[in-house]
Amino acid sequence: MKLVLNEELQFLRDTASNFAKDKAPVSHLRKLRDEDHPNSWDEGLWNEMVELGWTSILIPEKYGGSEFGLAGICVVLQELGKTLVPSPLFATGVLGVTSINQMGSESQKKDLLGKILEGNLTTALAIDEGSHHEPANTELTAEKNNDGWVLNGKKVFVIDGSSADLLIVIARTSGNKGDNQGLSAFIVDPKSKGINRRKVPTADSRNYANISFDGVTISAEEILGEVDGASDQIHKVLDFGRIAMSAEMLGNTEEAFAITLNYLKERKQFGVLIGSFQALQHRAAKMFCEIELTKSAVIAAMHAADENSNELERLSSLAKFQAGTTLHTVSNESIQMHGGIGVTDEYDIGFYLKRARVAEQIFGSSTYHKARYADISGY
Amino acid sequence: MSNLENFRAEVSEWLEENCPPSMRTPMVEDEVVWGGRNAVYKNPESKIWLDKMGEKGWTAPALPKEYGGGGLNSDEIKILNSELFKIGARPALNSFGIWMLAPVIIEYGNEVQKMEHIPKILKGEIRWCQGYSEPGSGSDLASLSTKAEDMGDHYLVNGQKVWTSYADQADWIFALVRTGPKEPKHSGISFLLIDMADPGVTTKPITLISGKSPFCETFFDNVKVPKENLIGEENQGWTIAKKLLQHERNFISNFGLAAGGGGDGSRTKGVVGLAKTYLGEENGKIADLDFRSRVTEHKMKEHSFGLTLQRAGDEGGKASAASSIFKYYGTEHNKERYELMIEAMGNKGFIWDGDEAESKEKAITRAWLRTKANSIEGGTSEVQLNVIAKRVLDLPA
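Protein chains in written order, with the numbering used here: chain X, 1 to 379; chain R, 380 to 776.
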């Protein structure tokens, strides 16, 4: 495994980089926030992403996709992360595609992956229920009735939960809260009777929903995979999501750092550029080291995913931890090094801080992944 | 079979024939080979191993064959290393000559100098030491004042170096000397090779906090050095000096990561093993959860750092400004590792001598103290951060 990007990936990255700069600078996110956009993402922009083929990156060729793999979607998300572009690409293009591809039946794959490919379907993965990510703590139940299933419970912090056309719901079909086993996945029409979706306004101005399920009945065909089968499969889906999120966070980090370095090179105090102060230089140099480490962890993790490596879980946790801790530091230091202007809404750097804290929590905080890494490694 | 597979088969066969049995066992401290005129080989097989590897050019596989190197490309070197690793082969030769000097002679030396010095370095015939720091010139290395006066056919060298590693056992020294006393400080320095056997060269060991004496003071008193021993142009030595420092920093950062400090057994046992031994295990986990958390973070950083070294290699990384990142991170990380190890060992972590601790425990204590110099030698961590800020991040002076 070489820790570099091949030419195809470099091309994809360059395309995404130009797209982010031209079509969706941070002002795009600011505008959506200011107008309190109902979806928190722009449909026109999303259609352009579909046109560019980004929904097909993780879809196997067999179902019409380009099969560029996780590395492909990672380089795109890293570039989109630089200007904090909100879009369904993560929830649909990564989580939706991977869930369906990993767990779905042949006919589900043909149908649903085909619709995603063409931009006719967006999805949301409904998994977390508490204040912290922990799949084993799933309490939402799915019980068999005559000709299908009945869902009861609630989901929180569902990414794109208020806008998605389809919900992929992780439910408990056996065992109790805290058990790793006993989980199943269902595909649920969000307009079903008994579903109540409430969009949650968050600091990063993206789309999240808390969703309650009150006696929601679905047909037998709407299970994704085997009964209790999600317990094992969901981890691979989550690991793909964690690595993709780490790539986006790396993009956030790189750009926040670049903006801050520019500021250090133009802001004068005491008659000199503040970037000449050693107190700031050393902190910047240390951040640079952490960013280099993060790049390596992310690139190793995405290649591991595409090569079916047995190191996937460890590298996924390494990437999420490394991206989380680095972004945490860089987002804080970026504000501090900007001084007063850094805490104004008018200046963009605050958007990076707000996105950072949300992204750090998605599918497990740095603490969560440190513990997971320790367990896997046998420490 | 591809060429590389053929090569692997050849290497494996050659090692089978030529690597003596005791050279496939873990290194013991007093059998480490540094070569040189006065080398003593406690284990005769280590001399055989050195000669075989030296003949093959594999003590420096990347260097050109014409100067005694292996002439291998990076894929072949990976194969060689993995085959060496597979049989647990000891390094045939530790050498400042290979790690630091040979690459700059190749880049800046003339043909006569290359033919004269490089083969002897690679075969372990001549042991080199580094004459850089002076009592008044540490981080501000370019202020050095050891002078070399032009006497027509030779230089007359007077002055003092400090922190010269193993100078008391070395045969030659590569030294920075001032040839241009009136020039600006960076523009009056030359890179000179000096035979330690010449009259007027004396050394005196320095005892460190670890109790060991890997470093010396080296004195030059009217030492006559032939002019053909000048590498590159007169007064252009600073450029060469900086390049050599990059090689040195790469070496120190790799060394810290790969060897875990060197010869104290920590590589096999590791900080996790120590923690389980001394702090206990519960359900297979390090029982002290706070310590477990800190060790995990340390190991994760190590993992990411190892991947970064790999990435730099994959990106075709030569000695560059990026090597300053490795020196800073590698040495700080190595210090942290030893802090964790002696903390894990509790009151076994600071026994200095005697029978109340095993020799491998005492070795860790001494090695912990040795690591404190890692972030000072070869450019302090603070100097490394300055270099990153200015050269990599382009921050204003």
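No lab work stands behind these hints: they were computed from the structure. Just so we're clear, the structure is a prediction, and the values are computed from it rather than from any experiment. Ideal Cβ positions, reconstructed from N, Cα and C, are used throughout, including at glycine. Some hints could be false.
[Said to hold, decoys possible] If the Cβ cut is set under 7 Å, some of the chain R residues that face chain X in the computed set are:
#1 Met406
#2 Arg671
#3 Ile704
#4 Tyr708
#5 Leu764
#6 Leu772
Violations among the numbered hints: 1
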